[in-house]
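*Asks:* Heads up: the protein sequence lines correspond to chains B and D, in order. So in this note's numbering, the last spot in the first sequence is 689, and the numbers never skip. So in this note's numbering, the last spot in the second sequence is 808, and the numbers never skip.
Errors might be hidden in some of the hints.
Calculated Cβ distances over 10 Å to all of chain D for the following chain B residues [to be verified]: (1) 171; (2) 175; (3) 177; (4) 201; (5) 209; (6) 344; (7) 435; (8) 588.
Taking CB as the label site, the calculated pair distances span [as the list claims (entries may be wrong)]: (9) B/657 x D/789: 56 to 66 Å; (10) B/240 x D/732: 30 to 40 Å; (11) D/783 x B/574: 52 to 62 Å; (12) B/168 x D/712: 19 to 29 Å.
Bear in mind the hints are in silico, worked out from the structure with no lab data behind them. Given the structure is predicted, the values throughout are model-derived calculations rather than measurements. Beta carbons: idealized from backbone N, C-alpha and C, even for Gly.
For reference, the chains in residue letters:
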Amino acid sequence: MTTGQENIDLGRFSGVFFEECGEHLQQMEEILVGLRDREPDQEELNAIFRAAHSIKGGAGIFGFELLMQVSHEMESLLDSLRNREIPFLPGLIDLLLEAGDLLALLVEGYRAGEPVACETVDQVRAKLRRSLGHDSAPVAGEVAPEVSAGSGHPPLARYQITFTPPPDTFSRGIRIDGLLRELAELAHGEFDCRAELMELPELASFDAESCITRWHCTLVTTASCDDLYDVFMFAADHDQLTIRKLAAVEAPVRNDPTAPKLPSSGPPPESPAQGLGVQSTSVQRPARGDTAAGPGRRAADSEGSIRVNVAKVDQLVNQVGELLITQAMLTQLSAALDPVANEALQRCVAQLEKNTRDLQGSVMSIRLVPIGIVFSRFPRMVRELAAKLGKSVQFKSSGDSTELDKGLIEKIADPLSHLVRNSLDHGLEAPEARLSGGKTASGTLELAASQQGGRIVIEVIDDGAGLDRGKILAKAAERGLPCSEALSDEEVWQLIFLPGFSTAEAVTDISGRGVGMDVVLKNVQALGGRVQITSQAGHGTRVSISLPLTLAIVEGLAVEVGQERFIVPLNVIVESLQPKAEQVQSVNGKEVVRVRGEYLPILRLYRLFGIEGAQQAPHRGILVLLELEGERVALLVDALLDEQQVVVKSLEANFRKVEGTAGATILGDGRVALILEGGELLQMHKRNS
Amino acid sequence: MHTPEKDKERPTEGTTHRVALEGDWVLESAAGQLKYLAEQVVRLVERQPRPACAEIDLAMVTGIDACGCQLIAIFLEKLQRQQVTARPCHIPEEVRNTFSQLGFAGILAGSAATEEDAR
């Protein structure tokens, strides 16, 4: 943008302004959420006021009219509160948060040149004015709200939703009826759902469990677009879901010359009727993972940073991976040379190895971001859901600075959301129940992260009612699952990860979504992670998610089995030993090795992978002791080769999933080695034995 | 489950044929139900003269989910493509509700008339 007066290209500086807005909004939200329902003190009010004032000032300079108007209304409200001209009411915190959301949307809209619905702006401005005791008539230039559910209620809007689920939807246990029911519950009166077959397959060759149906729904609701996306949180990826907000034609969109311009490539009306009768506004939801800080907000970690396209970072990581492989090849070749005649060369190769490792560490650290980015979305979610459920909940987080690969961060947000919703809905009790149980009225929900060895552990901890062992067992029995009272608590808790398993007596819009913990588990496992539960009746539940630090590179031990080589991740290795023949025994028909009084099952790798010519006698081979999912096992291999960092190459992308492996790598001699996945190996072994 | 009982697929008056669906139409039993539907399509199409109409009797359907609704929808659409007018009839209330909730109500649109006719 260029001002006519000074011929200064302000557009060059708007990027900095947007960044600053992000910081102000982030700070504003932190203070407001931290208040819970108490009245802000003078210092807090001043801080929020300063943030709004700064946004207003910048918006004025850049000519962002709507941003200026909303921040001005917000500033007026804050000023009145500061001067005690109006009393503080807890509802004002919600209003200020809502206004903050709108500012963030506007910032994002101006930044991207995308539209922000004027009616949304008008509604928030009207609320801000009403809270000041000003007249309730629309402000100059405003239009009346399009449809109102009644005084004091959020406005109604009509949405059109198209849900195109992937073919494996049914077999994944996604309950379409549950999703549609939940959607219907959000509707105020009008709800229409139509299923459409996307193809007409040949019955003889059709996979009966394959989903080829697309659903079209229209509903009138007070729910937000985000609420609607949340219904499909675990059922649909972004490309499988389209949500369009249809504004009623009675509510003309104000022609505001300063409003962010409508994109010229906006979607055309889908039908003549739609084109004639309704105004369509595309509601863009940020990509998953970008929601942590919210639109227009700046993530707290980016001080002093430059923005780099993630694709460039990924390319760098891949190139360093290739460099590592080349370096490993050089190391191997030079090791075969005469060390005296080639001393200088070998010194250089050693230096290259050190430099490559340093470079790899630096590059990998670029992808590491603090888990706090994800955690920061929860205080507000907890606050709002707790209020909705009539519960009093104190949210805590720890280990916010624990760093995790960006790819993992993006994908862990949804499972964590589900766990938090579960805790709020089913774990933490209502104040009366807590008091009668001898607890404080307010429950605690904690998110904790820490690095433990080569893994990151994220925990969702609540001090609620805990899991009900009897109920879970009864439900499992009802579903015909093999279970008995003899199962340990840990085994009973694992039952809740079975598809469709729920002991909830009522499906709620908080956590009863037709899909359950099985999807959480599946999502975590897809990240190379594991989920463990500990729970004590009346005392609470702790769900621990253990994730690898990164998915790109693994520190491993190369081992030989027959003619094959495998990489055993170092983080699961306890020790290795060559047992004496008498240490190998049979207990209940199972082969075990006795190590310092402990009997460990022996996993024969050659048997699991069908390798011929491998060492079959444990006392002639090597046993690598592993700790897998809390269990210790001994892995029989022919020989230990060397310890190395290997670049993980996806087998699924290039071949197919191979059970018991987390991928493959290329070794220094150019051979391919499979990278073992402990959890799957254990499952394979249990099945085979 | 789907024994070739004569009354399950007996031709009714004129050129109307009857196909009875029974049991659970859910994911767990989908493979078996699909096989049955495929057989029925072949029988209907190969019958001489080809029936103009087929009554799809759902009276014995005991349970249904989205997967089952989809199978029946495919079956009805297949028949339509073969110039056989499919008329679902005797639909239990619960099954009708599920069809409706899952957005498949449109495919049962002809059923009311059929049942009216039957009365």
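*Asks:* Next, verify each hint and record whether it holds.
*Replies:* Results of checking the hints against the structure:
The Cβ of residue 171 of chain B sits about 7 Å from the closest Cβ of chain D, inside the 10 Å cut-off, so the non-interface label is violated. Here residue 175 of chain B does not stay apart from chain D, with its beta-carbon only about 8 Å from theirs, under the 10 Å limit. Distance check for residue 177 of chain B against chain D: the nearest CB is about 6 Å away, which does not clear 10 Å, and the non-interface claim fails. Not every CB of chain D is more than 10 Å from the CB of residue 201 of chain B (nearest about 7 Å), against its label as outside the interface.
With 10 Å as the threshold on Cβ separation, the claim that residue 209 of chain B sits away from chain D is violated: the shortest Cβ distance comes to roughly 6 Å. No Cβ of chain D comes within 10 Å of the Cβ of residue 344 of chain B; the nearest lies about 68 Å off, and the non-interface call holds. Annotated as non-interface, residue 435 of chain B keeps its C-beta farther than 10 Å from every C-beta of chain D; the closest such distance is 40 Å. Separation of residue 588 of chain B from chain D is adequate, the least Cβ-Cβ distance of about 35 Å exceeding the 10 Å criterion.
One distance hint, 56 to 66 Å for the beta-carbon pair residue 657 of chain B and residue 789 of chain D, is violated here, with the actual separation near 39 Å. Remark: the range hint 30 to 40 Å for residue 240 of chain B to residue 732 of chain D is upheld by a beta-carbon distance near 37 Å. The supplied range of 52 to 62 Å is met by residue 783 of chain D and residue 574 of chain B, whose beta-carbon atoms lie about 56 Å from each other. The supplied range of 19 to 29 Å is met by residue 168 of chain B and residue 712 of chain D, whose beta-carbon atoms lie about 24 Å from each other.
Of the numbered hints stated above, those contradicted by the structure are hints 1, 2, 3, 4, 5 and 9, listed in ascending order.
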